[in-house]
Each structure stands twice: as structure tokens, then as C-alpha cells.
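K.L.:
Chains as they are written, first to last, in this note's numbering: chain A, 1 to 288; chain B, 1 to 282.
Source of the hints: derived by calculation from the structure; they are not laboratory data. Computed from a predicted structure; not experimentally measured. Think of the CB as a built atom: it goes at the ideal place given N, C-alpha and C, for glycine as much as any other residue. The reader is advised that the hints may include incorrect statements.
[Claimed, not checked] Where chain B lies over chain A, by a calculated footprint (3+ residues, C-beta under 8 Å):
| hint | segment |
| --- | --- |
| 1 | 17–24 |
| 2 | 88–102 |
| 3 | 172–186 |
| 4 | 193–200 |
| 5 | 203–213 |
| 6 | 226–238 |
| 7 | 257–268 |
[To be verified] Keeping only pairs whose Cα atoms sit at most 25 Å apart, straight-line, the calculated DSS-like set for lysine-lysine is:
| hint | chain 1 | residue 1 | chain 2 | residue 2 |
| --- | --- | --- | --- | --- |
| 8 | A | 102 | B | 278 |
| 9 | B | 278 | B | 36 |
| 10 | B | 175 | B | 93 |
| 11 | B | 102 | B | 175 |
| 12 | A | 172 | A | 102 |
| 13 | A | 40 | A | 52 |
| 14 | A | 133 | B | 36 |
| 15 | A | 5 | B | 175 |
| 16 | B | 9 | A | 172 |
| 17 | A | 133 | B | 249 |
| 18 | B | 52 | B | 36 |
| 19 | B | 9 | A | 3 |
| 20 | A | 106 | A | 172 |
| 21 | A | 231 | A | 52 |
| 22 | A | 11 | B | 93 |
| 23 | A | 100 | A | 51 |
| 24 | B | 36 | A | 102 |
| 25 | A | 175 | B | 9 |
| 26 | B | 220 | B | 52 |
| 27 | A | 3 | B | 129 |
| 28 | A | 191 | B | 129 |
| 29 | B | 249 | A | 106 |
| 30 | A | 11 | B | 129 |
| 31 | B | 278 | A | 106 |
| 32 | A | 191 | A | 172 |
| 33 | A | 40 | A | 51 |
| 34 | A | 231 | A | 133 |
| 35 | B | 52 | B | 129 |
| 36 | B | 52 | B | 278 |
| 37 | A | 106 | A | 40 |
| 38 | A | 175 | A | 102 |
| 39 | B | 278 | A | 100 |
| 40 | B | 93 | A | 5 |
These are the residues of each chain, in order.
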Amino acid sequence: MRKFKEFIIEKLILLCGLASIFFVALIFLFLLKEGIALFKYVGIGEFLFGKKWYPISEPPQLGILPLILGSIMVTLGAAVISIPIGIACAVYIAEVAPSKFKEALKAGIELLAAIPSVVLGFIGMVTLVPWIKQVFNIPTGLTALSGSIMLAFMAMPTIVSIAEDAFYSVPKTYKEGALALGATHWQTIYKVLIPASSSGILAAVMLGIGRVIGETMAVMMITGNAAVIPKTLMQPVRTLTATIAAEMGEAVVGSEHYFALFAVGIVLFVISFFINVVADLFLHQKKV
Amino acid sequence: MRNSQRSQKIAFSLLFSATLLIVVPVGLIIVLIIQKGIPAIDWQFLTDIPRKGMREGGIFPAIVGTLYLVAGAIVFSLPIGLLAAIYLSEYAKDNALNRIIKLAIVNLAGVPSVVYGLFGLAMFVVFFKFGASILSGSLTLGIMILPIIITASREALESVPYSFREVSLSLGASKWQTIRHIVLPNAIPGILTGTILGIGRAAGETAPILFTVAAFYLPKLPKSIFDQAMALPYHLYVISTQVPNVDEKIRYGTALVLLVLVLFMNLIAIVIRYQFRKRKKW
Numbered sequence: 001m002r003k004f005k006e007f008i009i010e011k012l013i014l015l016c017g018l019a020s021i022f023f024v025a026l027i028f029l030f031l032l033k034e035g036i037a038l039f040k041y042v043g044i045g046e047f048l049f050g051k052k053w054y055p056i057s058e059p060p061q062l063g064i065l066p067l068i069l070g071s072i073m074v075t076l077g078a079a080v081i082s083i084p085i086g087i088a089c090a091v092y093i094a095e096v097a098p099s100k101f102k103e104a105l106k107a108g109i110e111l112l113a114a115i116p117s118v119v120l121g122f123i124g125m126v127t128l129v130p131w132i133k134q135v136f137n138i139p140t141g142l143t144a145l146s147g148s149i150m151l152a153f154m155a156m157p158t159i160v161s162i163a164e165d166a167f168y169s170v171p172k173t174y175k176e177g178a179l180a181l182g183a184t185h186w187q188t189i190y191k192v193l194i195p196a197s198s199s200g201i202l203a204a205v206m207l208g209i210g211r212v213i214g215e216t217m218a219v220m221m222i223t224g225n226a227a228v229i230p231k232t233l234m235q236p237v238r239t240l241t242a243t244i245a246a247e248m249g250e251a252v253v254g255s256e257h258y259f260a261l262f263a264v265g266i267v268l269f270v271i272s273f274f275i276n277v278v279a280d281l282f283l284h285q286k287k288v
Numbered sequence: 001m002r003n004s005q006r007s008q009k010i011a012f013s014l015l016f017s018a019t020l021l022i023v024v025p026v027g028l029i030i031v032l033i034i035q036k037g038i039p040a041i042d043w044q045f046l047t048d049i050p051r052k053g054m055r056e057g058g059i060f061p062a063i064v065g066t067l068y069l070v071a072g073a074i075v076f077s078l079p080i081g082l083l084a085a086i087y088l089s090e091y092a093k094d095n096a097l098n099r100i101i102k103l104a105i106v107n108l109a110g111v112p113s114v115v116y117g118l119f120g121l122a123m124f125v126v127f128f129k130f131g132a133s134i135l136s137g138s139l140t141l142g143i144m145i146l147p148i149i150i151t152a153s154r155e156a157l158e159s160v161p162y163s164f165r166e167v168s169l170s171l172g173a174s175k176w177q178t179i180r181h182i183v184l185p186n187a188i189p190g191i192l193t194g195t196i197l198g199i200g201r202a203a204g205e206t207a208p209i210l211f212t213v214a215a216f217y218l219p220k221l222p223k224s225i226f227d228q229a230m231a232l233p234y235h236l237y238v239i240s241t242q243v244p245n246v247d248e249k250i251r252y253g254t255a256l257v258l259l260v261l262v263l264f265m266n267l268i269a270i271v272i273r274y275q276f277r278k279r280k281k282w
């Protein structure tokens with residue numbers, strides 16, 4: 001009887017162990033099931049590279065190029081800001097900060113990761129957006145730039161914590177060797193430590209970017225959501241994520257618009273899948 | 001030599017300023033929300049329904065809705081997540097399957113939150129016909145926090161020394177008995193930490209509940225798991241962007257309640273982790 005009970009339990013454990021694979025597959029299948037129907041109405045090329053997103057006009061125009069470019073623009077902006085600052089912060093915490101101070105800084109970064117994105121979006125609306133409007137003297141502060149700044153901020157915890165781990169994983173002997181040869185601490189950091197942990201840093205950057213592309217609420221609240229092909233950072237843009245969040249509520253189940261939003265979901269899923277797989281490869285690269 | 005000392009000084013002060021650029025805004029944001037949110041908080045704000053198109057009254061239904069959603073998510077994902085962690089730490093061999101499972105967990109953690117919302121809509125709301133309901137929302141949130149629970153629980157289980165297992169097994173206990181009576185009790189603080197972090201995450205997310213449960217304005221409490229409900233993060237979104245002329249005080253107050261709820265969860269997790277580290281016998 002006990003044997004039987006344990007047999008059941010162990011099978012259950014195996015089943016739950018496989019649950020993550022099951023759920024990833026399930027998410028993809030359901031996106032596909034609802035999204036693929038779009039291509040009865042619109043060709044894939046027309047969908048990905050169409051320049052007009054007018055989902056409720058008659059007939060609807062469902063080209064997501066403006067949305068893709070909106071996402072890319074905001075993401076690039078965020079990457080330019082967050083990568084240098086994030087890595088510098090990781091270096092400071094891992095190498096330079098005195099150990100008491102270090103724990104406080106780590107707690108501060110963890111705190112940032114815990115703040116819900118809708119709260120950051122709200123704060124962005126009441127502080128960052130008016131500030132941008134004033135500083136650059138533009139008609140609205142709801143711009144790609146505001147989104148980039150906020151997203152850069154939101155990507156920091158990911159970049160800092162993964163890059164920091166990468167520094168810790170460099171063997172101590174590397175550092176000792178460099179110091180023993182008379183290099184200063186800083187020379188050791190940028191000539192030895194950073195090159196030795198480059199694959200981890202790359203993973204940190206990729207996962208940070210993944211976080212930025214997938215971020216929804218804050219971006220929707222502060223980028224202005226104009227579905228036009230963006231020309232500068234100083235104008236409103238609309239990202240892939242914000243489009244889904246803003247429009248799904250009104251899309252009729254089974255309409256072209258509904259299918260199109262799922263197709264946008266497929267695009268996002270594929271991007272995040274690609275980023276995570278590549279980052280994982282970097283993280284588990286065989287150490288030489 | 002002089003030169004390299006000087007460049008070190010410059011470099012370190014640059015690194016320090018980069019760190020300040022991240023940490024100082026975090027502090028400012030929290031101070032701002034507390035400072036402007038506190039005046040809104042009173043008994044009525046916490047226990048009354050929203051009134052006059054959400055421009056007055058309280059946020060009680062949103063608080064209750066969020067609690068229901070979080071409870072539902074945990075009931076769903078804790079058992080699955082814990083068993084999955086047991087599988088990974090105690091049963092899995094170092095083979096391709098194990099690698100794929102780990103990759104799946106990483107991917108699950110990386111799926112954008114709004115895509116979870118789409119998935120929940122397609123599977124629970126439309127396909128299973130649960131409608132926009134607490135059930136659909138909880139299940140969606142539950143799947144979203146699964147990776148957090150699995151990862152934290154797995155680390156907790158793996159940190160139990162191998163010798164504990166050997167002793168138990170050598171005394172004639174079966175593998176499951178060993179896990180149940182030796183490994184699990186020693187891993188509970190870590191599992192708890194992961195669960196609480198999962199709760200914090202589920203309480204703060206908006207995008208996954210947008211189309212699966214969240215009601216724009218529903219001035220009564222849900223009666224069953226098949227009802228729609230208001231939720232704090234969505235309510236904050238609604239009163240900051242969809243409803244014009246809401247008193248700033250109410251917005252900050254709502255943000256404060258949400259922030260306190262989420263940070264409180266994180267604080268508990270940190271305290272448990274700290275206590276556990278202090279008491280650790282091995």
C-alpha cells in the first residue's frame with residue numbers, strides 16, 4: 001500500500017516537473033490558435049511590414065510596422081541609457097562598495113524590482129512627462145523619450161543583478177594574479193574582470209532588453225500611444241505591448257482585430273523566446 | 001603610477017554616480033508616494049466602495065479583488081511549483097530533459113505579462129468559457145508566478161545538505177519519506193520566501209488581468225469565483241488614465257496602498273530569509 005502511494009506521488013512529481021514545458025507549449029498553442037486565423041484575411045508580409053494600423057476602419061488596415069518601430073525605438077533608447085549605467089552600478093556593487101553599503105544598495109535595487117509597473121507608470125505620468133514637456137518645450141511630454149527613460153530605469157534590476165552575478169563567478173585567482181602583477185584595482189576590473197565575465201554581461205544586457213520589450217503598463221501610460229511610424233524620440237509612439245493592452249478590451253472576439261492582436265502576441269512571444277534562449281546559452285557557456 | 005591612481009579615482013567616482021542614478025530615484029519615488037498618499041488614507045478610503053465615478057469614496061472592492069486573485073493564484077501554483085521543484089532537485093538527472101525543463105522555466109519567466117493576458121483570455125475566458133472571472137484571472141496569474149515559486153523552492157531544497165538525505169536513507173526510509181520528513185521541513189523558509197515574492201508579483205501585475213478578470217467599475221464585492229472583480233493595479237491605471245478629474249490625492253492614495261501591499265510582502269520575505277540564515281545549523 002505504501003509502495004503504491006509512493007508510486008502515485010512520484011508520478012505526480014514527474015508530472016509537475018514537466019508542467020513548465022507544458023505551459024510554455026500551451027501559451028504558444030493558444031496564441032497560435034487565435035492568431036493564425038488573421039492570415040486568412042491578411043498576408044504575413046502585409047501584416048509585419050504594413051505601414052498602417054487602423055484596426056477599426058472599414059476595411060481594417062492591420063500593418064504592425066509602426067508598432068514594431070515604436071517598440072524598437074523605445075527599446076533602443078532604453079538600452080542606450082540602461083546598459084552603461086546598469087553595468088557600472090553592477091561593477092560598483094560587486095567590486096568597489098564597502099560591504100555594509102553594498103547590502104543597502106542591493107536592497108535598493110531589489111526594491112525597484114518589486115515596485116509594480118503600473119505604479120511606476122503613474123509616477124512617470126506625474127513627474128517625468130511634465131518635466132520632458134517643459135525641458136524640451138514640446139506640445140506633449142508623452143513621448144518615446146519618456147518611455148525610454150522609464151524603461152531604462154525598469155530594466156536596471158535585471159541588468160545589475162545578472163551582471164553582478166557574472167562578476168562573482170570569475171575565479172578569484174584571476175583578480176589576485178592581476179593585483180599581484182601591480183595592476184591597480186580599476187585596471188584589474190576593466191582589463192581582467194570585465195573581459196572574463198563578458199558572456200554573463202551579455203546575458204544581463206539581453207535579459208534587460210527582454211524586460212524592456214515586454215513591459216506593458218508603464219509604457220502604455222507614458223508614451224502617448226500614437227500608432228504612426230516614429231521619426232524622432234520627441235514624439236508619441238505606440239509599442240506592440242501597449243497596442244494589445246489598450247485595444248483588446250474593445251476588440252470583438254472572433255473579429256479580424258482580435259486575431260491581429262493575438263498575432264502581435266505571437267510576435268512578442270517569439271522575440272522573448274529568442275532572447276531568453278540566447279541569454280541562457282551565454283549564461284551556461286562552458287568556461288574555458 | 002600617479003596617473004593610474006588618478007584614473008582609478010575618476011573611474012570609481014563615475015561608477016558611484018551611476019549607482020546613485022539608480023538608487024536615488026527609487027528612494028525619491030517611494031518618498032513621493034508616501035508623502036502624497038498618506039493624506040488620502042483613512043478608514044473610509046480603505047473600507048468604502050468608490051463613489052461618484054471613482055472620484056470619491058474608497059477602494060475597498062479593489063483591495064478585496066486583489067486579495068482574492070492572489071489567493072487563487074497561490075492555491076493553483078504553490079502545489080504545482082513545489083512538486084516541480086522537488087522533481088528538479090531530487091529526481092531529475094543531468095540530461096537533456098532536465099535542460100529543456102530549465103529552459104522552459106526561464107522562458108515562462110520571460111514571457112511578457114501582456115502575453116499572459118492574451119493566453120488567459122484565449123484559454124480560460126474563451127476556450128473553457130470561464131468568462132472574465134476571478135477564476136480566469138487567478139489561473140493566469142498562477143501560471144505567471146510559477147517560475148518564481150519553482151526557482152526559489154528548488155534553491156531551498158538544493159541547499160539542504162546531501163548528508164541529511166544519506167542518513168535518512170541509510171536508516172531505511174524510502175526516498176519519498178526522506179523528502180517528506182527530512183528535506184522539505186528544512187527547506188520551508190526558502191519555499192515560503194519564494195511564495196511570498198510570488199504573491200507580491202501577482203498583486204502588482206496589471207496586464208495579465210486586463211482581459212481576464214478586471215472590472216472597470218464594480219461597486220460591490222464578488223460573490224463567487226465566476227464573478228468579475230476590481231483589482232488595485234487596474235484601478236490605479238483606470239483612475240490615472242481613463243477617468244478625468246480624479247483628485248490627485250485619490251490616485252496617490254491608491255498607489256500607496258498597492259505599493260505598501262507589495263513591499264510588505266517583500267519585507268516579510270526578507271525577514272524570513274534573514275532569520276533563517278541566522279538559525280541555519282549547517
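K.L.:
Run every hint past the structure and note whether it holds.
P.N.:
Evaluation of the provided hints:
{"no.": "1", "hint": "17–24", "verdict": "holds (count 7)"}
{"no.": "2", "hint": "88–102", "verdict": "holds (count 7)"}
{"no.": "3", "hint": "172–186", "verdict": "holds (count 3)"}
{"no.": "4", "hint": "193–200", "verdict": "violated (count 0)"}
{"no.": "5", "hint": "203–213", "verdict": "holds (count 3)"}
{"no.": "6", "hint": "226–238", "verdict": "violated (count 0)"}
{"no.": "7", "hint": "257–268", "verdict": "holds (count 4)"}
{"no.": "8", "hint": "A:102 <-> B:278", "verdict": "19 Å, holds"}
{"no.": "9", "hint": "B:278 <-> B:36", "verdict": "37 Å, violated"}
{"no.": "10", "hint": "B:175 <-> B:93", "verdict": "15 Å, holds"}
{"no.": "11", "hint": "B:102 <-> B:175", "verdict": "23 Å, holds"}
{"no.": "12", "hint": "A:172 <-> A:102", "verdict": "19 Å, holds"}
{"no.": "13", "hint": "A:40 <-> A:52", "verdict": "18 Å, holds"}
{"no.": "14", "hint": "A:133 <-> B:36", "verdict": "22 Å, holds"}
{"no.": "15", "hint": "A:5 <-> B:175", "verdict": "12 Å, holds"}
{"no.": "16", "hint": "B:9 <-> A:172", "verdict": "23 Å, holds"}
{"no.": "17", "hint": "A:133 <-> B:249", "verdict": "23 Å, holds"}
{"no.": "18", "hint": "B:52 <-> B:36", "verdict": "22 Å, holds"}
{"no.": "19", "hint": "B:9 <-> A:3", "verdict": "67 Å, violated"}
{"no.": "20", "hint": "A:106 <-> A:172", "verdict": "21 Å, holds"}
{"no.": "21", "hint": "A:231 <-> A:52", "verdict": "15 Å, holds"}
{"no.": "22", "hint": "A:11 <-> B:93", "verdict": "15 Å, holds"}
{"no.": "23", "hint": "A:100 <-> A:51", "verdict": "54 Å, violated"}
{"no.": "24", "hint": "B:36 <-> A:102", "verdict": "30 Å, violated"}
{"no.": "25", "hint": "A:175 <-> B:9", "verdict": "19 Å, holds"}
{"no.": "26", "hint": "B:220 <-> B:52", "verdict": "14 Å, holds"}
{"no.": "27", "hint": "A:3 <-> B:129", "verdict": "40 Å, violated"}
{"no.": "28", "hint": "A:191 <-> B:129", "verdict": "59 Å, violated"}
{"no.": "29", "hint": "B:249 <-> A:106", "verdict": "31 Å, violated"}
{"no.": "30", "hint": "A:11 <-> B:129", "verdict": "30 Å, violated"}
{"no.": "31", "hint": "B:278 <-> A:106", "verdict": "19 Å, holds"}
{"no.": "32", "hint": "A:191 <-> A:172", "verdict": "15 Å, holds"}
{"no.": "33", "hint": "A:40 <-> A:51", "verdict": "19 Å, holds"}
{"no.": "34", "hint": "A:231 <-> A:133", "verdict": "18 Å, holds"}
{"no.": "35", "hint": "B:52 <-> B:129", "verdict": "33 Å, violated"}
{"no.": "36", "hint": "B:52 <-> B:278", "verdict": "52 Å, violated"}
{"no.": "37", "hint": "A:106 <-> A:40", "verdict": "51 Å, violated"}
{"no.": "38", "hint": "A:175 <-> A:102", "verdict": "20 Å, holds"}
{"no.": "39", "hint": "B:278 <-> A:100", "verdict": "17 Å, holds"}
{"no.": "40", "hint": "B:93 <-> A:5", "verdict": "23 Å, holds"}
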